[in-house]
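Work the whole structure out from these sequences, hints included.
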Amino acid sequence: MKFAAHVSRVRRRSPMLGLTSMIDATFLLLAYFIFTAGMDRPESDLRARAATESHRAGGAALLEPQVVDVMPGAGGVAVFRLGVVAHTDRSSLTKALASLPRDPGVVVRVHDGVVVADAAAAMQAARDAGFVEVSYVPAKQ
Amino acid sequence: MTPMVDVVFLLLIFFLTTTQMAQSARTAVELPHEEGEEGEAVRSALVVNVDVLGSFIVMDDAVSPDELRARAQDAALASPGAIPIVRADRRAPSARLNLVMQALREAGFESIRLATSPEGR
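Going line by line, the protein sequences match chains A and B.
The opening residue of the first sequence carries number 1 in the working numbering; numbering runs sequentially from there.
The opening residue of the second sequence carries number 1 in the working numbering; numbering runs sequentially from there.
To be clear, the hints were calculated from the coordinates, so they are not data collected in a lab.
Per label pair, the in silico range of CB-to-CB distance:
id: 1; chain 1: B; residue 1: T18; chain 2: A; residue 2: L19; range: 26 to 36 angstroms
id: 2; chain 1: A; residue 1: A31; chain 2: B; residue 2: S79; range: 26 to 36 angstroms
id: 3; chain 1: B; residue 1: M59; chain 2: A; residue 2: T52; range: 21 to 31 angstroms
id: 4; chain 1: B; residue 1: M59; chain 2: A; residue 2: S99; range: 40 to 50 angstroms
Some chain B residues judged to face chain A by a derived CB distance under 10 angstroms, without partners named:
id: 5; residue: H33
id: 6; residue: A88
id: 7; residue: R105
id: 8; residue: P118
id: 9; residue: E119
Some chain B residues flagged as far from chain A (calculated, every beta-carbon gap over 12 angstroms):
id: 10; residue: A45
id: 11; residue: I57
id: 12; residue: M59
id: 13; residue: D60
id: 14; residue: D61
id: 15; residue: A62
id: 16; residue: V63
id: 17; residue: S64
id: 18; residue: D66
id: 19; residue: A70
id: 20; residue: Q73
id: 21; residue: S79
id: 22; residue: P80
We put the CB at the ideal spot given by N, CA and C, even for glycine.
Below you can see the structure in the form of structure tokens.
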């Protein structure tokens, strides 16, 4: 038997990778990762009931609404007024809101003269304090 | 056969990705830097953008307050119960945001979503 001669005749050749196929595969992978990476920055949101001064949404008509007034203060800094206390920073507003009952919900009443970031800060403070029911009310001017 | 499969595959990827890009095109506004809240992402029937100057932009069109009211009423009739998204620039005047809120409330929307950017915190 001549096994050695047979083996040498069918000697395996190393596989060849075609350049065109490799470029195709590389391009497809590149395109895939570019487009699945996503180009938009992630966004979140703050939900609120839309209400007006004359019609505050929420259905808790028997309960006294707790109102945070977002209004312009001295030096262009927004003031968050809760009752008779004016808060100038969000953390103190959050602490004050956290001591209130949650059931009546909270109304964020936004006055002219501030910016959107201030209104969003008040809404976020209400959420952080644990309020589920947050209403946005444009203040009458 | 192989080149044809390559071309078909490339065309498929092209159309898939261009469709996705068209849907995700957003008006460039700097959103409030807030965490927002947990909740599932929804595709709203109406997205109102308010740029830094307070202009209203709906579907890439700059609209007047009257046009905004009309579009809000159309959207409320077409998608009752939907929650519109307000994408307002964080530096925009609150008076303009109030105007949007009034228009949406008058159109019949009971709730809104104010878009925020968690990355900016």
